[in-house]
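Protein chains: 2
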Amino acid sequence: MTKKEVIVREEILGTNKKVAAEIREKLGSAGVLTVNLLSSPGSGKTTLLERIVEALRPDHPLAVIEGDIETERDADRIRRKGVPAWQITTGGACHLEAKMVGKLIPEVPSGTEFLFIENVGNLVCPASYDLGENLRCVLLSAPEGDDKPKKYPKAFAGADCLIITKSDLFPYLPFDQEKAEEEALEINPRLRVFITSALKGKGVAELVEYLIERRAELVGSKRHA
Amino acid sequence: MTKKEVIVREEILGTNKKVAAEIREKLGSAGVLTVNLLSSPGSGKTTLLERIVEALRPDHPLAVIEGDIETERDADRIRRKGVPAWQITTGGACHLEAKMVGKLIPEVPSGTEFLFIENVGNLVCPASYDLGENLRCVLLSAPEGDDKPKKYPKAFAGADCLIITKSDLFPYLPFDQEKAEEEALEINPRLRVFITSALKGKGVAELVEYLIERRAELVGSKRHA
Chain A
1221 MTKKEVIVRE EILGTNKKVA AEIREKLGSA GVLTVNLLSS PGSGKTTLLE
1271 RIVEALRPDH PLAVIEGDIE TERDADRIRR KGVPAWQITT GGACHLEAKM
1321 VGKLIPEVPS GTEFLFIENV GNLVCPASYD LGENLRCVLL SAPEGDDKPK
1371 KYPKAFAGAD CLIITKSDLF PYLPFDQEKA EEEALEINPR LRVFITSALK
1421 GKGVAELVEY LIERRAELVG SKRHA
Chain B
1221 MTKKEVIVRE EILGTNKKVA AEIREKLGSA GVLTVNLLSS PGSGKTTLLE
1271 RIVEALRPDH PLAVIEGDIE TERDADRIRR KGVPAWQITT GGACHLEAKM
1321 VGKLIPEVPS GTEFLFIENV GNLVCPASYD LGENLRCVLL SAPEGDDKPK
1371 KYPKAFAGAD CLIITKSDLF PYLPFDQEKA EEEALEINPR LRVFITSALK
1421 GKGVAELVEY LIERRAELVG SKRHA
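In the order they appear, the protein sequences are chains A and B.
Residue numbering for the first sequence follows this note's numbering, starting at 1221 and increasing by one per position.
Residue numbering for the second sequence follows this note's numbering, starting at 1221 and increasing by one per position.
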């Protein structure tokens, strides 16, 4: 990168960090746990979200922000489940930024317990942008291969949990689950790992339980603050 | 984007275009067909390249440039096939640029007929960067889903051929091959489509035949120039 590029990038990241901190404060105080879902295109973010929505509703009100380069498709899928969802189409940009999310915060209904943000499908760029989330989950679909953590380390280094998706395909793939987990944990030992198949509904209950626990912690910490 | 960001980006793309044109001229005159492979992480670029290498060797000398954020893994896999391969690790950057490729051009052995450049796994950013290729191939792996072309249109709009990979997984996936092809062709009607399974060796012969034809055209056009 040229010096000018580095300066512009630092400015962008600095502003982003500030806006993200404001979002985290605002939503946290309102009792909303915010989750940033990050992965390659097609690793199953929206299908997993559909299963999470089914498991959380109606006891736990939630809302969803969908990020995509183009199309309203993902938000439409979530809306069909009766959940408020907003689509951000970046029109070419390769990641969401906090300011895009910030504009939608006033729309989040009072009483919402969880806000999920599905990032643009990209295992590289979104890793650099804090969106004000409390929890960052990186998805790795089994067909992508067990060698991805070390090839795309930043996405794994900055996450709180790793969700291996499409486990129903394990029998048909040269995918070594242990190797994938080991590589990811070498990069980031504090990763909580979940093995899921959204198509078969496997592993979703454990993940949802974890999310409910994390929200209870957040609400508890705000009460004592 | 801010005005400053737009200006910096335009400068980068302008310089990139110039360097790419020089690469295309230099390699084309030497009879090298250059192919830029672009896709999401884990859609099977390296495995497909291994099959292409096996099909082209020893009659058609080739070389490979591998792009990745981190690790030499992909270049190692190609070198094991007895083919010259260079790894560019971008150290965080989300795409290859022409200047990175340009530095390696003097290393390409005389008599090389094909140079494959495997881009960083990313269906967004690499689409904006001409690397001096004659042919751009976008890969879409079946497990990524049939809805990807319209969600990531630029990658498909700028390609010459679409390679649907991992067709061996068709029986286990909710993937509509016709829909994927139709969407891609709506964005770019001149796309040549190939259906492949590198694991089962399917569709590779047709693709290699197409590459050999494209090179014959290139060499013919240079002879008449």
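Wrong hints could be hidden among the right ones.
One copy or any two copies: either way a pair holds, since identical chains are not told apart in the list.
Stated by the list, open to error - In silico DSS-like cross-links for lysine-lysine, where the CA-CA straight-line distance does not exceed 25 Å:
1) K1237 x K1301
2) K1224 x K1246
3) K1223 x K1399
4) K1399 x K1420
5) K1238 x K1370
6) K1370 x K1301
In case anyone wonders, no lab produced these hints; they're calculated from the structure.
- With identical chains treated as interchangeable, where does the CA-CA distance between K1370 and K1301 reach 25 Å or less: within a copy, between copies, both, or neither? For K1370 and K1301, only the inter-copy Cα distance (23 Å) is at most 25 Å; the intra-copy one is 36 Å.
- Item | Identical-chain pair category, K1223 with K1399, by Cα at 25 Å | Neither. Shortest intra-copy (39 Å) and inter-copy (45 Å) distances fail the 25 Å Cα cut-off.
- Taking 25 Å as the upper bound on the Cα-Cα distance, should K1224 and K1246 be classified as within, between, both, or neither? Answer is neither: 34 Å inside a copy and 30 Å across each miss the 25 Å cutoff.
- Message: Please sort K1399 with K1420 into within, between, both or neither, judging by C-alpha distance up to 25 Å.
- Response: Result: close both inside a copy and across copies, 23 Å intra and 23 Å inter.
- Task: Pop the pair K1237 and K1301 into one bin, within, between, both or neither, using alpha-carbon distances up to 25 Å.
- Result: neither (32 Å within a copy, 46 Å between copies)
- K1238 and K1370: within-copy, between-copy, both or neither at 25 Å Cα: neither (29 Å within a copy, 33 Å between copies)
The structure fails hints 1, 2, 3 and 5 (numbered hints given earlier, in ascending order).
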